[in-house]
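Please build the complex by placing chains P and R on the supplied structure of chain H, with the hints as guidance.
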Amino acid sequence: MTNSATNLRLKLPVACIILEVIIIILFGALVQYDNETDAKQWHKELANGSSNYDNDFYYRYPSFQDVHVMIFIGFGFLMTFLQRYGFSSVGFNFLIAAFALQWATLMQGFFHGMHGGKIHVGIESMINADFCTGSVLISFGAVLGKTSPVQLLVMSVIEVTLFAVNEFIVLSVLGAKDAGGSMTIHTFGAYFGLMVARVLYRPNLDKSKHKNCSVYHSDLFAMIGTIYLWMFWPSFNSAVTAHGDDQHRTAMNTYYSLAACTLATYGLSAVVAHDGKLDMVHIQNAALAGGVAVGTAGEMMLTPFGSMIVGFLAGTISVLGYIDITEKLKIQDTCGVHNLHGMPGVLGAIVGAVTAALATKDVYGDGMADVFPDIQSGDVEASFQGVRQAISLAVTLGIALLGGLITGFILKLPIYGAPPDTICFEDGIYWELPGEEGSHEELTTVRTPDEAEKLNA
Amino acid sequence: MTNSATNLRLKLPVACIILEVIIIILFGALVQYDNETDAKQWHKELANGSSNYDNDFYYRYPSFQDVHVMIFIGFGFLMTFLQRYGFSSVGFNFLIAAFALQWATLMQGFFHGMHGGKIHVGIESMINADFCTGSVLISFGAVLGKTSPVQLLVMSVIEVTLFAVNEFIVLSVLGAKDAGGSMTIHTFGAYFGLMVARVLYRPNLDKSKHKNCSVYHSDLFAMIGTIYLWMFWPSFNSAVTAHGDDQHRTAMNTYYSLAACTLATYGLSAVVAHDGKLDMVHIQNAALAGGVAVGTAGEMMLTPFGSMIVGFLAGTISVLGYIDITEKLKIQDTCGVHNLHGMPGVLGAIVGAVTAALATKDVYGDGMADVFPDIQSGDVEASFQGVRQAISLAVTLGIALLGGLITGFILKLPIYGAPPDTICFEDGIYWELPGEEGSHEELTTVRTPDEAEKLNA
Amino acid sequence: MTNSATNLRLKLPVACIILEVIIIILFGALVQYDNETDAKQWHKELANGSSNYDNDFYYRYPSFQDVHVMIFIGFGFLMTFLQRYGFSSVGFNFLIAAFALQWATLMQGFFHGMHGGKIHVGIESMINADFCTGSVLISFGAVLGKTSPVQLLVMSVIEVTLFAVNEFIVLSVLGAKDAGGSMTIHTFGAYFGLMVARVLYRPNLDKSKHKNCSVYHSDLFAMIGTIYLWMFWPSFNSAVTAHGDDQHRTAMNTYYSLAACTLATYGLSAVVAHDGKLDMVHIQNAALAGGVAVGTAGEMMLTPFGSMIVGFLAGTISVLGYIDITEKLKIQDTCGVHNLHGMPGVLGAIVGAVTAALATKDVYGDGMADVFPDIQSGDVEASFQGVRQAISLAVTLGIALLGGLITGFILKLPIYGAPPDTICFEDGIYWELPGEEGSHEELTTVRTPDEAEKLNA
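Chains as they are written, first to last, in UniProt numbering: chain H, 1 to 457; chain P, 1 to 457; chain R, 1 to 457.
The set of hints was computed from the structure by calculation and includes no laboratory data. Misleading hints may appear alongside valid ones.
Chain copies aren't distinguished; within one or between two, either way the pair holds.
As the list claims (entries may be wrong) - No more than 30 Å apart at the CA atoms, straight line, and that leaves these computed lysine-lysine pairs for BS3-like: (1) Lys-40 - Lys-361; (2) Lys-118 - Lys-361; (3) Lys-44 - Lys-118; (4) Lys-361 - Lys-44; (5) Lys-330 - Lys-412; (6) Lys-211 - Lys-412; (7) Lys-209 - Lys-412.
Since the model is a prediction, treat every value here as computed from it, not as a measurement.
Chain H on its own, in the form it takes in the complex (with noise of 0.2 Å):
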């Protein structure tokens, strides 16, 4: 298995040294403490009367590491239901995220967080970078098994660029609200990911057709990444709302989105799987899916009545949306991130939009200025976000669409030690795994106590 063109000796170094380096030398030019981490600013801030408690790390650090958890743990586990791809899937995880949310800092902060030349950061920079780093994953998964770590560093570096430039388009110019991220989050880096791996299609990835599937234990560790990310979808809709009734209503919709998908997925797995028996691939997957598509209208006043119904639709869109489309269009889609992420995205998108048009004055009262503030000012009706609502939509899936092609090609070049089409889905492409040296044998013997104390003797 080892082969010059797969290896990393040269390329994994140069790439992340290189790509810390900038970043390194761009914090040092660009990045200040903003007013609540700043010890002098902040203590000017007391001395005008607020106290420490006030500083929103308190309001917001809790949301910040349930999203964490989130990513590394969620996403990196929930890869790790292929049988020999463990640890690709929460290694590779864990070096594109903690790649992706330095860079993240800086694309967001340039688009819309610049301060008097500066980028400030702190909390809400936090999560903002978590939650573009999230989108970046989801692109992981349509590609999962079959790039190289060189190549999913290149596919951040864009893929980050132009969430920060599509979420200032979609937040800042077009005035949408998008607080979970149904559209900039999920919907962006579904299609970014399907194109790209649209463009990388690879005819004879059925030579390794035998290792992308699970095994018993490999789907087990999966259930560990589903769980997460089911339990904290509520603190990751409800992140970077408004402080107050928006937070806890766009945790409370959230969680009640999701347990509707659950019973929606599980009716379903039983209709549509073989023998009628329950499929893993719908219950990690598709369960999920009610969190995306509350999304955008978790904080508008969706009731948990209209939560409900939209997880029960997410959850029967995503387990159908398995009986495959995206095969036909050549799109070999590892995670299956279209149902996950993509339709449960564009619902959410579109569940947004109706919500927004239907708001009134007499539903959310003064609340209206901290979820549509441009209908509070008058600026808009509320018809008008809708429709704002739904341009956004469709500019995200421009943007997504065309920057996940040439995103594509870029990964296309055969300079990034990709793997061969016989070794994908394998961890011993690019790690040390373990027993190498060693037999086969000792690999998997599971030695009883007797045995060992004949070695003992």
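Only chains P and R this time, still in chain H's reference frame:
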């Protein structure tokens, strides 16, 4: 293994979809945002001088998420100890928890959360729903491996309802205190489940005996469950106590009780287990008994000293309980819930009654109003509060045993696709297993890189 | 494998029960609720105008739980990388942590928490006890696989005591700052453990060599530990800093340091490891060095830029450290704690000294009072604060090495049931293993559904 009796194609979808549709309709008719999640209402409170930072979200949500982790990861993985029942342990846990939390919101709302004909929901209802769900999952532990998902859903419908009735009687009618649920959650869930298991007794269960045990990796997965339950139990017991010292004290008492319990568990496991070695069954379960046993008294002025004594006793009882009583009573208690939740729950109820009876104004000061409002107001003497606590234990046991009895007979109907005696504790009956169409060889082969290289050549 | 010397039936119960009884007596005599956990005292504060929302529980508890996860899941699973030592890694970690946190509460109370002859406990004492426990678990990593649980408990008794002494000297006598414990936790724990390992040197340990390595799944379990440590390290370093900007800044600096460290780790692993592949040992350990290295300076105005440089250096040192120094010194450092905690801890101490020496009023403003109260008050110059920090490192190293030396000799006594050289790194010596009475066949067979069906026929 395909068999029309256990085939889920019709049964599970019907159960899931009917239940979810009923829930959605009831939510549409009855459920409203509470004042802290409703945009209009909350902004009225803001107009009256509240701050967004006063929203209860910030003071309850971190506890909620810890409880959520206990419910979905803690219980789910604790039960993966069985060698071939990991998919079902995590997966059915996921399904019935997602259902039960919705149903509990309605049932608890009916019995003690109506406001002008509507059920108000917010972070407290979310925590309470998770608590009720915990009770169902305890019962699940008693029947683990021997029930179909449809049976589990039916059990959940009834158990959640009776849980809400019992909770109403204990907390509202009898005026007992039980913040961490030694009685309402643990005693109730355990004895309900044990009674169901008694009615569902299978004389020929030893035909599945070879699967009713763990393997090395399944025990490690189970430790994920144990450790998460252990760590977050302080959050569980304190999640709905009064704000301030109550919540702080409850968390700390629980932490000390668990630490002492762990030492007792390790010490006694080495005494009791075969050959002077430690037994994973004890470590996975008995070490948690300390959390159960301070579920009632944790919020009281139990002191760290008292908490440690209670924890030490709970661990002792729990380990010794594995010298089995339940077997003689023809109760096939798969997870040993009698040892982890049953006996420690009763111990916790007694400790709570005694601690309440000893409450004095001298110790509690004005804090008496939070812990024992009726003593503070002069309505009852401390000694009578103790009596109330004791009566509550008796009521809980009665409702649990009677409810479990009836539920057991309902679940005995041969219409739910229960597994035959020969295929209990086996995922394959309800789940598509990986490699199902492949050979055994492909399922377990760990391919060395050298082998992979040959494939590549 | 049964053997009177390593049989725990008498030794472990005696150790656990005696220690727990001593602790309970001391708690009864000496420990009291602090003002924020005591019903009476807290309600006096409320009467004086405090709000329940001011209780420190709300500002420290989420950090505490993150730290708790690091201690029990992080350390516990990090050490499961050994193929046949998962039960002991998680299980002994659990035991000694549960013991150490109780003992630490007493020892830290004696040395710096007495109030009128009583030790006051609350959320801060809980965090500090977990910190001290972390130090013991670091030492555990150095002797992993070669010690009995009784030895580990004895080690914990001594190490916790010396930790409290060193902490008192460094923080209270010398006036150094060390919020995240680069010195007091990591340097102390690492060099203490390395010295114990040196004294316990086993020339014939290669008799157990075939077990002193990982297998595929054990490495995945270990990644659970790594990722949790990585994610929550910002909470660790910030858990006991001053409220407000300090806590916020410390978390953020740690986050950036870790991200940069991860890139360095991946890059260098590919350079150093065999065949240009990545090595799990590096990823599991070196990627965390960035958290250790900002344990002292994290709360200072290190800037994100500075944090990244420190993290990058820490990752580099840590990966290169695996080209082994310790082996030549006859230190059998099972987990490589020298690379993860030792060298990065010393680096962190130096960075802290330099950053302190460079502190200016211009940068810190009035925030100086929180970070460097003695500089603010004019008692010392910044440069002298740097000197204090440097002296603290020397003191820490001295106490750790001397303490480890003495402890090593105490642990060498042949009375604790230590494993023989031939059965190190093996759970079976202290744990009942699943399938212990069954055949090897039964232990590992993955039954296909078709086979199960036959059983059913």
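Status of each hint after checking the structure:
1. Lys-40 - Lys-361: between (41 Å within a copy, 9 Å between copies)
2. Lys-118 - Lys-361: For Lys-118 and Lys-361, the Cα distance is within 30 Å only across copies (22 Å; inside one copy 38 Å).
3. Lys-44 - Lys-118: within (20 Å within a copy, 38 Å between copies)
4. Lys-361 - Lys-44: For Lys-361 and Lys-44, the Cα distance is within 30 Å only across copies (13 Å; inside one copy 38 Å).
5. Lys-330 - Lys-412: within (16 Å within a copy, 50 Å between copies)
6. Lys-211 - Lys-412: within (23 Å within a copy, 42 Å between copies)
7. Lys-209 - Lys-412: Answer is within; shortest intra-copy Cα gap is 21 Å, inter-copy 44 Å.
Comparing the model with each numbered hint stated earlier shows that all of them hold.
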